[in-house]
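Engineer: Hey, can you work out the whole structure from these sequences and the hints?
Listed below are the residues making up each chain.
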Amino acid sequence: NAGVMQNPRHLVRRRGQEARLRCSPMKGHSHVYWYRQLPEEGLKFMVYLQKENIIDESGMPKERFSAEFPKEGPSILRIQQVVRGDSAAYFCASSQEDRYGYTFGSGTRLTVV
Amino acid sequence: KQEVTQIPAALSVPEGENLVLNCSFTDSAIYNLQWFRQDPGKGLTSLLLIQSSQREQTSGRLNASLDKSSGRSTLYIAASQPGDSATYLCAVTPNQGGKLIFGQGTELSVKP
Numbered sequence: 001n002a003g004v005m006q007n008p009r010h011l012v013r014r015r016g017q018e019a020r021l022r023c024s025p026m027k028g029h030s031h032v033y034w035y036r037q038l039p040e041e042g043l044k045f046m047v048y049l050q051k052e053n054i055i056d057e058s059g060m061p062k063e064r065f066s067a068e069f070p071k072e073g074p075s076i077l078r079i080q081q082v083v084r085g086d087s088a089a090y091f092c093a094s095s096q097e098d099r100y101g102y103t104f105g106s107g108t109r110l111t112v113v
Numbered sequence: 001k002q003e004v005t006q007i008p009a010a011l012s013v014p015e016g017e018n019l020v021l022n023c024s025f026t027d028s029a030i031y032n033l034q035w036f037r038q039d040p041g042k043g044l045t046s047l048l049l050i051q052s053s054q055r056e057q058t059s060g061r062l063n064a065s066l067d068k069s070s071g072r073s074t075l076y077i078a079a080s081q082p083g084d085s086a087t088y089l090c091a092v093t094p095n096q097g098g099k100l101i102f103g104q105g106t107e108l109s110v111k112p
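So the protein sequences, as listed, match chains A and B.
Each residue of the first sequence is one higher than the last, beginning at 1 in the numbering used here.
Each residue of the second sequence is one higher than the last, beginning at 1 in the numbering used here.
Keep in mind that a hint or two might mislead.
As the list claims (entries may be wrong) - With the Cβ distance kept under 8 angstroms, some of the chain A side facing chain B (calculated, not the full set):
no., residue
1, Y33
2, P39
3, G42
4, L43
5, Y48
6, D56
7, F65
8, V83
9, G101
10, Y102
11, G105
What the hints assert, rightly or not - In silico BS3-like cross-links for lysine-lysine, where the CA-CA straight-line distance does not exceed 25 angstroms:
no., chain 1, residue 1, chain 2, residue 2
12, A, K44, B, K68
13, A, K44, B, K1
14, A, K62, A, K51
15, A, K44, A, K62
16, A, K62, B, K68
17, B, K68, B, K111
18, B, K42, A, K27
19, A, K27, A, K62
20, A, K71, A, K27
21, A, K44, B, K42
22, A, K71, A, K51
23, B, K1, B, K68
Claimed, not checked - A few chain A residues that don't get close to chain B, going by computed Cβ distances all over 12 angstroms:
no., residue
24, R9
25, V12
26, E18
27, R20
28, S58
29, P61
30, P70
31, K71
32, P74
33, Q81
In short, the hints are calculated from the structure, not lab data.
Since this is a predicted model, take the numbers as computed values, not measurements.
No residue lacks a Cβ here, since even glycine has one placed at the ideal position from N, Cα and C.
Structural biologist: Put into structure tokens, the structure is as follows:
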């Protein structure tokens, strides 16, 4: 069981480009969560997805950010027209049910230059 | 609105000492509470999960307690080792389920 896999581990984008972050949940897990950790700040919830459904996106910025978890393949967090303030570590977690323990991936560290 | 606070923000102790990390939350309506460890530049490792109906959980040298009515949890680390140096995060799952709400963490340094 490979655990929660995130790629890439590090991503550098110029201002205005798009960033695509991928997350493959643990085998058997159908719930995926994205969190962001800004420098010197705690982990903040962004979005909660199940296959083909967004359950809770209350933590997502209103513009430029979107997430999906298709029937086949990994969950994708997409950031359009990145700005320097988007530089952060983005973590994905998965769980078997929405109230059980969570397993986190190693994160994608996005740097916007 | 649920808020999670961890005290202290940083802690430095000599090797071998027993220590306690504190976590408090403002809304007692939680489903569970989880303690994580985060090493610099790395992801989160789950340490202990306490369901709201439970009072404590133990794993090796770690013991976590939960007092839902007072909105508090403690993580007790026995006989600390330099390898325990990391940031420890407390997070609650609200009764409505889904997301975790994290505290800011306690940065622990265990000196040889």
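Engineer: Against each hint, give a clear statement of whether it holds in the structure.
Structural biologist: So, going through the hints one by one against the coordinates:
Among the interface hints, the one on A:Y33 holds; its C-beta lies about 6 angstroms from the nearest C-beta in chain B, closer than the 8 angstroms criterion. Interface hint at A:P39: violated, since its Cβ lies 12 angstroms from the closest Cβ of chain B, which is beyond the 8 angstroms cut-off. Proximity of A:G42 to chain B holds as hinted, the smallest CB-CB distance being about 5 angstroms (cut-off 8 angstroms). For A:L43, the shortest C-beta to C-beta distance to chain B is roughly 4 angstroms, which falls under 8 angstroms, so the interface hint holds.
The beta carbon of A:Y48 comes within 5 angstroms of a beta carbon in chain B, closer than 8 angstroms, and the hint placing it at the interface holds. For A:D56, the interface hint holds, since its Cβ comes within 8 angstroms of a Cβ in chain B; the closest pair sits about 5 angstroms apart. Hint status for A:F65 relative to chain B: violated, with the closest Cβ pair at about 16 angstroms, above 8 angstroms. A cut of 8 angstroms between beta carbons decides the hint on A:V83: the least distance to chain B is about 23 angstroms, and the hint is violated.
For the restraint placing A:G101 at the interface with chain B, the shortest Cβ-Cβ distance is roughly 4 angstroms, inside the 8 angstroms limit, so the hint holds. The closest approach between the C-beta of A:Y102 and any C-beta of chain B is roughly 6 angstroms, which is under the 8 angstroms cut-off, so the hint is satisfied. A least Cβ separation of about 6 angstroms between A:G105 and chain B falls short of the 8 angstroms threshold, and the interface hint therefore holds. Of the supplied pair hints, the one linking A:K44 and B:K68 holds, its CA atoms being roughly 22 angstroms apart against a limit of 25 angstroms.
For the proposed pair A:K44 and B:K1, the alpha carbon gap of about 14 angstroms is at most 25 angstroms, so the pair holds. At most 25 angstroms may separate the alpha-carbon atoms for a hinted pair to count; A:K62 and A:K51 meet this at roughly 22 angstroms. Restraint check for A:K44 and A:K62: the C-alpha separation of about 15 angstroms stays at or below 25 angstroms, so the hint holds. The suggested pairing of A:K62 with B:K68 is violated, with an alpha-carbon distance near 34 angstroms, which exceeds 25 angstroms.
For the hint pairing B:K68 with B:K111, the CA-to-CA distance comes to about 33 angstroms; that exceeds 25 angstroms, so the pair is violated. Taking the CA atoms of B:K42 and A:K27, the gap is about 22 angstroms. The hint holds against a cut of 25 angstroms. The hinted pair formed by A:K27 and A:K62 fails the criterion: a straight-line CA distance of about 31 angstroms is larger than 25 angstroms. For the suggested pair A:K71 and A:K27, the alpha carbons sit about 14 angstroms apart, so the restraint of at most 25 angstroms is met.
For the suggested pair A:K44 and B:K42, the alpha carbons sit about 16 angstroms apart, so the restraint of at most 25 angstroms is met. With a C-alpha separation of about 6 angstroms, the suggested pair A:K71 and A:K51 falls inside the 25 angstroms cut-off, and the hint holds. Between the alpha carbons of B:K1 and B:K68 the distance comes to roughly 16 angstroms, so the proposed pair stays at or under 25 angstroms and holds. Distance to chain B contradicts A:R9 as a non-interface residue, since its nearest Cβ pair spans about 10 angstroms, not more than 12 angstroms.
Distance to chain B confirms A:V12 as a non-interface residue, since its nearest Cβ pair spans about 16 angstroms, more than 12 angstroms. The beta carbon of A:E18 sits about 24 angstroms from the closest Cβ of chain B, which is more than 12 angstroms, so the claim that it is off the interface holds. Here A:R20 stays apart from chain B, with its beta-carbon at least about 19 angstroms from theirs, past the 12 angstroms limit. Non-interface status of A:S58 relative to chain B is broken: a Cβ of that chain comes within 12 angstroms, the nearest being about 8 angstroms off.
Against the 12 angstroms criterion, A:P61 stays outside the reach of chain B, whose nearest CB is about 16 angstroms from its own CB. Look at A:P70: its CB is around 20 angstroms from the nearest CB on chain B, clear of 12 angstroms, so calling it non-interface holds up. No Cβ of chain B comes within 12 angstroms of the Cβ of A:K71; the nearest lies about 21 angstroms off, and the non-interface call holds. At roughly 16 angstroms from the closest C-beta of chain B, the C-beta of A:P74 stays outside 12 angstroms, upholding its exclusion from the interface.
At the 12 angstroms boundary, the C-beta of A:Q81 stays outside the reach of chain B, the nearest C-beta of that chain being 26 angstroms off.
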